[in-house]
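> Protein chains in written order, with my numbering: chain A, 2 to 438; chain B, 2 to 300.
Just so you know, not all the hints are guaranteed correct.
Stated by the list, open to error - To give an idea of the interface, some chain B residues facing chain A are shown, with a C-beta separation under 10 Å as derived from the structure:
1. V134
2. P140
3. L160
4. E163
5. N164
6. K251
7. S263
8. G265
9. F271
Unchecked claim - Chain A stretches covered by chain B per the calculated footprint, using a threshold of three residues with CB under 8 Å from any CB of chain B:
10. 50-58
11. 255-261
12. 399-413
What the hints assert, rightly or not - PhoX-like cross-link-like pairs, simulated, lysine-lysine; straight-line CA separation at most 25 Å:
13. K58(B) <-> K317(A)
14. K58(B) <-> K106(B)
15. K210(B) <-> K221(B)
16. K237(B) <-> K80(A)
17. K293(B) <-> K105(B)
18. K294(B) <-> K208(B)
Hints listed in this document are in silico derivations from the structure and should not be mistaken for laboratory results.
The beta-carbon is built from N, C-alpha and C at its ideal position, and this holds for glycine as well.
Spelled out, the chains give:
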Amino acid sequence: MKKAISMAMALTVALTTAATTVPVMADDPVELTIWSPTDTAAIEAWWEEKIAEWNEANPDIQVSREAIDRSDSYAYDNKIATAVTSNDLPDIFYVDGPQVSYYAANGITVPLDDYFSEEDLSDFVDSAVAQNTYDGSLYAIGATESSVAFYYNKDYLTECGVDVADLDSRTVDNPITWSEFAEIAEKCTTDDYVGAHIIMDHGEGLPYALEPMYLSAGKDYISEDGTTSDGYVNSEEAVTTTAYLADMIAKGWANVEPITDEFLNGACATMLGGSWEIATLTENADFEWGVTYYPVNDDTKEAVSPCGDWAAAISKNCENVDAAGQFLQWLMNTENVATYAAAIAKPATRISAYDEEVMADYQEGNLALIKEQLENTAVPRPRTPSYAVFSSAYAEAMTNIFSDAASTGEVDNDYIQSELDVVSDTFTDDYETYYAE
Amino acid sequence: MAKTKKLTGRKRDERIAAYIFVTPAVVLLIAFLVVPMIYTAYFSVFRYQIMRPDAMKFIGIENYIELFQDKNFWQALKNTVYFTIIVVPFQCALALGLALLVSKKFRGVAIFRTMYFSPQLTSMVVISVLWSVLYNANPNTGLFNSILTSLGLDPISFLNDENTAMNSIIFMSAWQGAGYQMMIFLAGLQGIPRDQYEAASVDGATKFKQFLYITLPGLKGTIKYVIMITMIQAMKLFTQPYIMTQGGPKNSTKTLVYYIYSEGFQRGNFGYACSIAAVFFVIVVCMSMAMKKVTTSTE
C-alpha cells in the first residue's frame with residue numbers, strides 16, 4: 002500500500018514536472034503573474050494601465066495580473082492555501098498585513114531586502130515597514146495603509162441632542178472616550194436607528210477594527226514577541242473590553258446583523274469605519290456627516306488606531322526573483338504609490354507620495370485626520386506566524402459573544418472569559434505545534 | 002465451428018466496446034474520488050501544516066485519538082445528524098405533497114411546477130445570502146421579523162440564537178431542495194396505473210385511502226431512492242452554514258464538512274482535517290448501508 006502511494010505521488014510529481022518544465026529560449030521574456038484581490042473599477046483600471054505601461058517599457062519582463070475574489074471572510078487566504086498545496090502559487094501575490102508573518106515563517110514568501118534599501122524604506126511610514134517585517138527581514142511591500150475612525154451622522158445626532166460641534170472639535174490628543182461613544186449610541190437608538198455600527202464582518206475585519214480598544218485598555222491580543230496569547234487576549238482587560246462591546250449589542254445600541262452600508266443607508270447614527278469610507282460617504286451620503294479620532298479607554302486615555310493594508314510579496318515558486326524584485330521597485334515608486342492610493346481611497350505608505358497632486362486632499366479635512374492618526378497612533382497587528390489561526394478563532398469567539406448578547410439581552414462575563422480562553426488555547430496549540438522551538 | 006468463432010469474435014468486440022464505454026468514467030472516478038480518498042487516508046496519519054508540506058511528520062493514529070477527544074468534532078457530528086434526521090423527512094414530505102399537488106391536470110400546472118423547481122436552478126450561495134436578509138433580526142431589514150412585529154409579536158434572532166439557527170437553516174434547505182425531489186416523485190406518480198385509482202373509486206375508497214393503499218405502495222421504490230439521496234446530501238451540509246452563520250452561534254450550525262474546512266483551510270491543520278474527512282467517509286458509508294438494509298428488510 003505504502004509503495005503504491007509512493008509510486009502514485011512520484012508519478013504525480015513527474016507529470017507535474019514534465020508539464021511545467023518547458024525549455025525557455027534565451028530571448029523569451031520573463032513572465033510574471035500577480036494575484037491581488039478584486040477591487041473597485043478605479044483600481045481595476047489602475048492595474049490595467051500600470052501593467053500596460055510596464056510591459057511596454059520592459060519587453061523582457063512581461064507582467065499579467067489575476068484578480069482574486071476576496072469576499073468578506075477568508076476566501077482569498079483559502080485560495081493561497083490551496084495554491085500552496087498544489088504548488089501553484091503565482092510569482093507575486095498580495096497579502097493582508099498581519100498574514101505577512103504567517104507566510105514568511107512558513108517559507109511561502111522570500112525576503113525583499115535586496116530590492117528595498119534602508120534609504121528606500123525611510124520614505125515609508127513606520128507602521129507599514131513594521132507590519133511587513135518578520136524576523137528582521139522585509140517580506141512584503143505595500144502602497145497603502147489604512148485606519149479606522151469614528152463616523153457620525155451630524156443631522157441625526159443634532160436631532161437627538163448630541164453636541165456635534167464638540168465632536169467636530171476633537172483632536173488627536175483629546176479623542177472621545179468609550180463612555181462618550183456609548184452615551185451617544187444610547188441617545189441615538191430608536192425604532193428606526195441603531196446608535197452604533199461596530200461589526201465589520203465575520204473575518205479579519207473584527208480583530209483589525211477592534212484591536213485598538215484592547216490596546217487602549219492596556220493589553221494587546223498577543224505578546225510583543227508573537228509567542229504568547231495567554232494573559233493577553235484572555236486577560237481581565239480583554240474581558241472588560243469585550244464586555245463593553247457586547248453590552249452595546251445586548252442593549253440594542255448596535256446590530257449583531259448589520260445590513261450592508263448600514264451607516265450610509267441611514268440605519269445607524271455612528272460607526273467605527275475604515276478610512277476608505279470617507280470616499281464612499283463623500284460620493285454617496287445624502288446627509289451631513291463627520292469623522293473624528295478612534296475612541297480611547299476612559300482610564301488610560303491611550304490613543305491607538307488600526308493600520309495595515311494589503312502588500313505585495315514574492316512567492317517561493319517565483320523562478321525569477323530578480324525580475325519580480327525589479328517590478329516591485331517600480332510598482333512602489335512615489336508616483337505609482339500616490340496614484341494607487343488615490344484610486345483606492347486609502348492613505349499612502351510613502352511619505353513623499355503626499356507631495357503628489359493626486360494626494361492633495363490629505364493636506365486638510367477628513368483625510369488629514371486619517372493621515373494624522375497613521376503618523377501618531379497607528380499600531381500594527383501582532384506579528385506572529387500563528388496570526389491566521391488567531392484571527393479566525395477570535396472572529397468566531399466574538400461572533401459567539403455578540404450573538405449571545407443579542408439573544409439574551411445580557412452580558413455574561415464568565416462566558417466571555419471562556420470564549421477568550423478558547424481563542425488563547427487555539428493560538429497556543431497552533432504556535433506550539435508548528436513554530437515553537 | 003465457424004459460427005462459434007464468429008460469436009466469440011462478436012462477444013470479444015462487445016467486451017472491448019464495454020471497456021471503452023466504461024473507461025472514461027472509471028478514469029474520472031479514480032482520479033477524482035479514489036486517489037483523493039487514498040491521499041486523505043495517507044495525510045490523516047501525519048502532522049501536516051497546510052503551508053509546510055515539506056515538514057510533514059508521521060504521527061500514526063494521534064490525529065484520530067485527538068479527534069475522538071475533540072468536543073468540537075462531537076458537536077459537529079451531532080449537528081450534522083440533527084440536520085439529517087429533521088431535514089430528510091421534512092423535505093421528502095414537502096416534495097411528495099408538492100408532487101401530489103402538481104400531478105393534477107389543470108390550467109397553469111406547468112407554471113406551478115416551474116415555480117416549485119426554480120429554487121433548484123439558483124445557486125445555494127445566492128439563496129443563502131437572500132435568506133440571511135429574510136431572516137435578519139432587525140424588523141426594518143428582515144421580512145420574517147417585519148411580519149412578526151406587524152402581528153404584534155417579538156422579533157426572533159433566527160440566525161443568531163443557538164436554539165433557532167439550525168432550524169432556520171433546515172427550513173430554508175428543505176424549501177430549496179424540495180423542488181428536485183418533487184420532480185422525481187412526479188415521475189414516480191406517473192408510473193402508477195390510473196385504473197387502480199378508478200377501481201378503488203368504484204369500490205368507494207376515499208382520496209386518503211387511495212393515497213395510503215395505492216400511491217404510497219406505488220411510490221415505494223421512488224421514496225427509498227429519494228430518502229437515500231436526500232440523506233447523503235444532508236450529511237454534506239456546508240454552504241448554508243458557511244454563508245449564513247459561519248458555524249455559529251456557539252457552534253450550533255457547525256457541521257462535519259464545515260469543521261473539515263475550518264480545520265484544514267482556516268487553521269491549516271491539514272492532517273487533522275484529513276482524519277475528520279476519513280471518519281466522515283466511514284460514517285456516511287455506514288449510514289447509507291444501514292439505510293439500505295432497513296429499506297430492503299421492509300420489502
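> None of the hints should be skipped; say for each whether it holds.
Structure-based check of all given hints:
1. V134: 8 Å, holds
2. P140: This hint holds: P140(B) lies near chain A, its Cβ roughly 9 Å from the closest one there, short of 10 Å.
3. L160: Constraint on L160(B) satisfied, holds at 7 Å.
4. E163: 7 Å, holds
5. N164: 8 Å, holds
6. K251: 5 Å, holds
7. S263: Status holds, d = 7 Å.
8. G265: For G265(B), the interface hint holds, since the closest Cβ of chain A sits about 8 Å away, which is under 10 Å.
9. F271: Interface hint status for F271(B): holds (7 Å vs cutoff 10 Å).
10. 50-58: violated (count 0)
11. 255-261: holds (count 4)
12. 399-413: Three-residue rule met by the segment 399-413 of chain A, so holds; n is 7.
13. K58(B) <-> K317(A): Given pair K58(B), K317(A) holds - Cα atoms ~21 Å apart, limit 25 Å.
14. K58(B) <-> K106(B): 65 Å, violated
15. K210(B) <-> K221(B): Holds, at roughly 16 Å.
16. K237(B) <-> K80(A): This hinted pair holds, its Cα atoms lying about 21 Å apart.
17. K293(B) <-> K105(B): Answer violated: K293(B) to K105(B) is near 32 Å, above 25 Å.
18. K294(B) <-> K208(B): Distance of about 32 Å is beyond 25 Å: violated.
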